[in-house]
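S.K.: Here our numbering is used: the sequence shown runs in plain steps of one and ends on residue 383.
None of these hints come from the bench; they were simulated from the model.
Errors might be hidden in some of the hints.
[What the hints assert, rightly or not] Once the Cα atoms are required to be at most 27 Å apart in a straight line, the calculated DSS-like pairs of lysine-lysine come out as:
(1) Lys7 <-> Lys183
(2) Lys139 <-> Lys256
(3) Lys97 <-> Lys302
(4) Lys299 <-> Lys104
(5) Lys256 <-> Lys97
(6) Lys299 <-> Lys139
(7) Lys288 <-> Lys302
(8) Lys212 <-> Lys145
(9) Lys256 <-> Lys207
(10) Lys183 <-> Lys207
(11) Lys288 <-> Lys299
(12) Lys347 <-> Lys288
(13) Lys288 <-> Lys97
(14) Lys373 <-> Lys139
(15) Lys256 <-> Lys145
(16) Lys212 <-> Lys288
(17) Lys256 <-> Lys288
(18) Lys256 <-> Lys212
(19) Lys373 <-> Lys288
(20) Lys183 <-> Lys212
(21) Lys145 <-> Lys347
(22) Lys373 <-> Lys302
(23) Lys7 <-> Lys299
(24) Lys373 <-> Lys145
(25) Lys302 <-> Lys256
(26) Lys256 <-> Lys373
(27) Lys139 <-> Lys7
(28) Lys207 <-> Lys299
(29) Lys105 <-> Lys145
(30) Lys302 <-> Lys7
(31) Lys347 <-> Lys207
(32) Lys256 <-> Lys299
(33) Lys207 <-> Lys105
(34) Lys347 <-> Lys373
In this text, all values refer to a predicted model and were calculated from it rather than measured experimentally.
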Amino acid sequence: MSPSSSKLRSFAAAERFVAEIGGDARRPGYVLLGDESFLYEICRRGVLQTLVPGELRDFCLHDLDLGETSIFEALDLAQTPSLMAPFQVLFLRNIQKLYGRGQKKEEFAAIDEYFRRPNPQALLVFVADHISLPQDLRKMDMQDKERAERIRETLGDACGVVELQRVSEDDAVLWVMRESEAKGVRFHEDAARELVDALGAEMLTIKSELEKLMLYAGARGEAAGDAGIDVADVETMVAAAKQRSLYELTDAISLKDAPRALALLHGLLNASDGGEDAAIGHIFTLAKTFRQMLVLNEKQVKDQRAMWQVLWPGFRVAPFAADALIAQARRYRDRGELTRGLRWIAKADLELRSSPADKRLVLERLVMRLASKARVPELEQAS
1 MSPSSSKLRS FAAAERFVAE IGGDARRPGY VLLGDESFLY EICRRGVLQT
51 LVPGELRDFC LHDLDLGETS IFEALDLAQT PSLMAPFQVL FLRNIQKLYG
101 RGQKKEEFAA IDEYFRRPNP QALLVFVADH ISLPQDLRKM DMQDKERAER
151 IRETLGDACG VVELQRVSED DAVLWVMRES EAKGVRFHED AARELVDALG
201 AEMLTIKSEL EKLMLYAGAR GEAAGDAGID VADVETMVAA AKQRSLYELT
251 DAISLKDAPR ALALLHGLLN ASDGGEDAAI GHIFTLAKTF RQMLVLNEKQ
301 VKDQRAMWQV LWPGFRVAPF AADALIAQAR RYRDRGELTR GLRWIAKADL
351 ELRSSPADKR LVLERLVMRL ASKARVPELE QAS
């Protein structure tokens, strides 16, 4: 069976969602459940292409953070027809605010009331990326299970729940081969597996490195009928990727070496195409690394053996970075600094998705905050 005819089961939920919103079966609301950023981007891109014309994007697309905008305001916006656009799309992030302290009876009553008579010219997309869905749901963290069940109980009747599980390594390998085949480049299966293994099945990073590998093959004049991309090619390119890895950036951040951190950030940006996907990919990997450091710090991990015991499947560290990440996590004496860092990263992620005028400036400001030696008052207020 060729890669192009193989089924990618990890992608099925996202593909069904994209197909559904373009048809008569579209529901007035959906929950994108899971932190697989690559699949989230497939869903978001499908919504934009189907429902948000480019020339009307400023009038009909709303990226809202429920930590800053109340659900009442969001529902009022969804219910109010726009004079400038025929359809409204609202992405609602930080939905864990709906499940914090207190019963939130008024909030959920308002949600129920809206979905009893929803605006047919609006789509609400709740983004539940604070929950991790491993490929094998039997290995799901208990706290995440409880959070997911609570979301299904409160939103599942009115909204379609789209489970964005982590992409399996086998599907990642097939995806690499399918994408390269579509571009007329032959990618050997053992080389594809080497790429996926080396990058820990991080799909946004794999996508970026695959593009570089195909350019590399094209520069050598190799197409589908020639030698194609082999393991040696992958090793060469991945070695370069490791040199510019975000692990070096987090190392500089943990050492509070702001000038080096900023220089590494510029290197990362210059090595990528600078587009939205690349910037969001950097943010996603940075967030995951900070979450890993928080776990290692809380569990007081001192060696790799202990690391593999506390980091669950789907949340693993690339082998080449294991010792470095342990050292970085141990530099944080105050765990609160890691949690504040995650809040800053989340804010930067939201800002990037809101099409800022200068994506580089958003990332530079984030890195300077994370690498600051002192708890500067204005930075604390921004958290």
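S.K.: Confirm or reject each hint.
M.R.: These are the hints, each one checked on the structure:
1. Lys7 <-> Lys183: 19 Å, holds
2. Lys139 <-> Lys256: The given pair, whose Cα atoms are some 36 Å apart, is violated under the 27 Å limit.
3. Lys97 <-> Lys302: 34 Å, violated
4. Lys299 <-> Lys104: Roughly 33 Å separates the two Cα atoms, so the pair is violated.
5. Lys256 <-> Lys97: 31 Å, violated
6. Lys299 <-> Lys139: 19 Å, holds
7. Lys288 <-> Lys302: 19 Å, holds
8. Lys212 <-> Lys145: Distance ~38 Å between lysine 212 and lysine 145 Cα, so the pair is violated.
9. Lys256 <-> Lys207: Since the Cα atoms of lysine 256 and lysine 207 sit roughly 30 Å apart, the hinted pair is violated (cutoff 27 Å).
10. Lys183 <-> Lys207: 13 Å, holds
11. Lys288 <-> Lys299: 17 Å, holds
12. Lys347 <-> Lys288: Answer holds: lysine 347 to lysine 288 is near 15 Å, not above 27 Å.
13. Lys288 <-> Lys97: 20 Å, holds
14. Lys373 <-> Lys139: Distance ~38 Å between lysine 373 and lysine 139 Cα, so the pair is violated.
15. Lys256 <-> Lys145: Between lysine 256 and lysine 145 the Cα gap is close to 36 Å, so the pair fails against 27 Å, i.e. violated.
16. Lys212 <-> Lys288: 23 Å, holds
17. Lys256 <-> Lys288: 19 Å, holds
18. Lys256 <-> Lys212: 31 Å, violated
19. Lys373 <-> Lys288: Status holds; Cα separation ~22 Å.
20. Lys183 <-> Lys212: 13 Å, holds
21. Lys145 <-> Lys347: 25 Å, holds
22. Lys373 <-> Lys302: Holds, because 24 Å separates the two Cα atoms, which is no more than 27 Å.
23. Lys7 <-> Lys299: 39 Å, violated
24. Lys373 <-> Lys145: Judged against 27 Å, a Cα distance of about 37 Å means the pair is violated.
25. Lys302 <-> Lys256: At roughly 21 Å apart (the allowed maximum being 27 Å), lysine 256 and lysine 302 satisfy the hint.
26. Lys256 <-> Lys373: 6 Å, holds
27. Lys139 <-> Lys7: 23 Å, holds
28. Lys207 <-> Lys299: With Cα atoms ~33 Å apart, lysine 207 and lysine 299 exceed 27 Å; violated.
29. Lys105 <-> Lys145: 22 Å, holds
30. Lys302 <-> Lys7: 41 Å, violated
31. Lys347 <-> Lys207: Roughly 24 Å separates the two Cα atoms, so the pair holds.
32. Lys256 <-> Lys299: With Cα atoms ~23 Å apart, lysine 256 and lysine 299 stay inside 27 Å; holds.
33. Lys207 <-> Lys105: The hint is violated at about 43 Å.
34. Lys347 <-> Lys373: 20 Å, holds
Comparing the model with each earlier hint shows violations of hints 2, 3, 4, 5, 8, 9, 14, 15, 18, 23, 24, 28, 30, 33; every other hint is respected.
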